[in-house]
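Colleague: Each chain is listed here by its residues.
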Amino acid sequence: MARTLLFLTGILFLGNSLAAGPLIRLGRGFAAEEQLWLMSARPDLAPNQGKRYELKQILFQANPERFQAYLAGELDAGTAPGLAIIFGSAQGMDFKLVASICLEAAGKQYFTTQYMVKDDGPIKSVKDLKGGTIGVVGIKTATDLWARAGLLNAGLVPDQDTKVVPMAFPVIGDAVRTGKVSAGVFVEPFYSAEMAKGGLRKLFTATEAVGYDHELLDLFFSEKFLKANPDAVRAFLADYVAVTRYYLANTAQAKADLHKAGFVRTPLEIYLRNSDWKRTPDARVDVGSLEKLAVFMREKLQWLEKPVNVREMVDQSYLPTR
Amino acid sequence: MAAINRLLPFGFVAALLVAWEIAARSGRWSKLLFPSLSSVLNEVVAFFTSSALLMEAWVTLERALGGFALAAVVGILLGVVMGRSKFVAGLLDPLFSGTYAVPKLALFPIFIFVFGIGSLSKVALVFLECLYPIVIMTYAGARDVNRALLWSAQNMGASRAAILRRVVIPATAPFIFAGFRVAVPVAMIVVVITEMVSSADGLGYRVIYAMASLRTDRMLAVVVVIAALGYLLDKAVVLARDRLIYWEKLDTYYV
Chain A
1 MARTLLFLTG ILFLGNSLAA GPLIRLGRGF AAEEQLWLMS ARPDLAPNQG KRYELKQILF
61 QANPERFQAY LAGELDAGTA PGLAIIFGSA QGMDFKLVAS ICLEAAGKQY FTTQYMVKDD
121 GPIKSVKDLK GGTIGVVGIK TATDLWARAG LLNAGLVPDQ DTKVVPMAFP VIGDAVRTGK
181 VSAGVFVEPF YSAEMAKGGL RKLFTATEAV GYDHELLDLF FSEKFLKANP DAVRAFLADY
241 VAVTRYYLAN TAQAKADLHK AGFVRTPLEI YLRNSDWKRT PDARVDVGSL EKLAVFMREK
301 LQWLEKPVNV REMVDQSYLP TR
Chain B
323 MAAINRLLPF GFVAALLVAW EIAARSGRWS KLLFPSLSSV LNEVVAFFTS SALLMEAWVT
383 LERALGGFAL AAVVGILLGV VMGRSKFVAG LLDPLFSGTY AVPKLALFPI FIFVFGIGSL
443 SKVALVFLEC LYPIVIMTYA GARDVNRALL WSAQNMGASR AAILRRVVIP ATAPFIFAGF
503 RVAVPVAMIV VVITEMVSSA DGLGYRVIYA MASLRTDRML AVVVVIAALG YLLDKAVVLA
563 RDRLIYWEKL DTYYV
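Order-wise, the sequence lines are chains A and B. Quick note on the numbering used here: the first sequence kicks off at 1 and runs consecutively. Quick note on the numbering used here: the second sequence kicks off at 323 and runs consecutively.
So that you can see chain B by itself, here it is in the shape it has in the complex:
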């Protein structure tokens, strides 16, 4: 029974893929609009055997990770300070909550004018989009530190820096990683869209290039690569979380 449960998600995905292949091969829809999975798979294989295309994936990854890393550094700093300082929270909270819903992608033309059409404008936008979930989650975590732990540390004569390092940061870490898990796919989405809007390289550019060539199979292959990269990045974040905050491994009980 346990084995069946483990295989169930794969079975569902397999059934969907088989249904796709049957529908695509039925001839009901143009293959230019609805290509078969086998042709998409061929293009995926072609992607991974082309050094030029792998380089495009690397360019996209660099941009996504660059913006994400900057957002992580700034976001953790801001979130922790906001969580531990009423004054800073009062100053920045309205700014973050008031502008969270703003689609930052709409600001991309301005970013192009400020940072140019190269990688910098894309990294800057990824940074901005990733900053919000990281700041907000870190802020929530830093505010939520158990008071008993803080009082205990104070009673034992710990300095403010020691309390921050030994109590606040470890207690906030699960929230920080939750912010990372939200931010990582955001980074991939934003970088691909910016490359689709204005770029001469990267996976977003490849999507547009394939679309302009009416090669839906090739375009979907790039989408598969983007999805795979997003999945791997998420798994990397989960792995890092499990390693770094081993005491917080969650036991989930379904009732």
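The following block holds chain A by itself, in its conformation from the complex:
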């Protein structure tokens, strides 16, 4: 009798674990990843979740920490800016970029990262930043890259003509207003909050600095996990694309759900008003833009010691067919 019970319990547990699918431990960030967060905030929108895969999202404040956790074997997947994935690839990290999250794109309907100066200050053009300082959020981050691109476009040499200094997003507005830095970088929701306060004006945007629309945030998976669990990744990405489409079609409702679930701390009325980055409904990666970024990082910024084969680091075969 006891043996039969044990056997039945074993079958039950085995059945459950097989039905649930493998657990995806995904390292996430704190901005611009709405459709991914929505998969946890609204699991009803992701029908494969809990059946063909389990999802655990873990918050990280910065890319290096996320990559360290990944290298330590604590993550199977994660989000990261395209340029961080290029850095990782250059250092031989074994991951594949599988889907796009959002892009920096020109156009009134999209938000693109802004570099702003004091409205009544002496900086009228980027050239006036000579001898000044630009506040960015981190060294070798996307905000650093755009700042340097903007300076180079104006014929200035970053670090030599203009200092690029890291500082936290919340303090950049006051730093610009009080003249502690000549210009600073602004993303949502800080951009809207600072614009509401007034006294700041746009100097250039990320897309203007680089000169083309390009990948901002992407989704990566470890090669080991992809090989071991291809069906789970396909199911996850099918849900991801479905949730992205839902988000694009029902942005206000999705934002309200994310706010309610605690993924976003900005007051809801401000969050709903904020313009959003470009998100493609099929989550396809703009590989060409990453290739251009990699060349820029190597040739103009000397951030890469050797060329990176971007096409090799991208694998979109797990995405649903168009």
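Don't take every hint at face value.
What the hints assert, rightly or not - Calculated pairs, DSBU-like style, for lysine-lysine (alpha carbon to alpha carbon, straight line, at most 30 Å):
#1 A:K278 x A:K56
#2 A:K197 x A:K163
#3 B:K353 x A:K292
#4 A:K292 x A:K306
#5 A:K292 x A:K124
#6 A:K127 x A:K292
#7 A:K197 x A:K118
#8 A:K300 x B:K353
#9 A:K224 x B:K426
#10 A:K56 x B:K353
#11 A:K278 x A:K300
#12 A:K163 x B:K426
#13 A:K227 x A:K292
#14 A:K127 x A:K163
#15 A:K300 x A:K124
#16 B:K353 x A:K227
#17 A:K127 x A:K300
#18 A:K197 x A:K124
#19 A:K227 x A:K306
#20 A:K306 x B:K353
#21 A:K130 x A:K118
Honestly, the hints are just simulated from the structure, not real lab data.
Add chain B to chain A, keeping to what the hints say.
Modeller: Chain B in isolation, oriented as in the chain A frame:
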């Protein structure tokens, strides 16, 4: 036996380093996370052969020593006055003991707004962090001056200034140097952290730069340089102490 005892600490360190190298080369951990000592050593050599990187070390040293020197001047002054004046001690002691445990690094954003994002905010924070150990140790020393020496000086007609110069300061000097030995590594730690938070130069900036490039070996090389600088600064303080207060050379007996 004496030779073995002298070599023992080095042997222990050598064993640790060998264990590190074996573990790093085992392939069990990613070299991006756990680089071999040989690759770190290569980066250390590259550091010392690059004038630009040596300049970064100089920037950090300038900031650390600037803040430390200011703290030394103000700290000795305050500590001695507190030790010799009940009124001043009653005024300042609660302030120092009440705020000693406050992590001054949390005030760094305010320092940036007051002093800017350049060197001044970093020097100011180093000054504040170093001030506490120097004041507290000097205060303890100045209070602890042997009364017999003070009475003798008074009986011999020494003025207050002469007593301060010839009795109080020399008697307090060992405590002042003990405060310096606590403050010097604090200065290095604080300056590196402030450079990691907001800077376009210095060793802290180099740590963040290497981390952002996923170059753990390079980051550890900078950490080695920071440790070496801290060690050299401490040795400089000990050397100065042994030269200046030669009568206080300690004989330690282990039982």
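Colleague: Hey, A:K197 versus A:K163, does the alpha-carbon distance stay inside 30 Å?
Modeller: Holds. A:K197 to A:K163 sits at ~26 Å (cutoff 30 Å).
Colleague: Does the alpha-carbon distance linking A:K306 and B:K353 stay inside the 30 Å limit?
Modeller: Cα-Cα ~18 Å, so holds.
Colleague: For a C-alpha distance cap of 30 Å, please report whether A:K278 and A:K56 respect it.
Modeller: 25 Å, holds
Colleague: Does A:K292 sit within 30 Å of A:K127, going by the straight-line distance between their CA atoms?
Modeller: 24 Å, holds
Colleague: Check whether the Cα positions of A:K197 and A:K124 lie no farther apart than 30 Å.
Modeller: 20 Å, holds
Colleague: Sort out whether A:K292 lies within 30 Å of A:K227, counting only the CA atoms.
Modeller: 29 Å, holds
Colleague: Assess, step by step, whether the Cα of A:K300 is no farther than 30 Å from the Cα of B:K353, and give holds or violated.
Modeller: 28 Å, holds
Colleague: Below or equal to 30 Å on CA atoms is what counts here, so check B:K353 against A:K227.
Modeller: 22 Å, holds
Colleague: Hey, A:K56 versus B:K353, does the alpha-carbon distance stay inside 30 Å?
Modeller: 27 Å, holds
Colleague: Is it true that the CA of A:K292 sits at most 30 Å from the CA of A:K124?
Modeller: 29 Å, holds
Colleague: Between A:K227 and A:K306, does the CA-CA distance stay at or below 30 Å?
Modeller: 27 Å, holds
Colleague: Can the restraint linking A:K300 and A:K124 be considered satisfied, given a maximum Cα separation of 30 Å?
Modeller: 25 Å, holds
When each numbered hint is compared with the structure, a violation occurs for hint 9 only.
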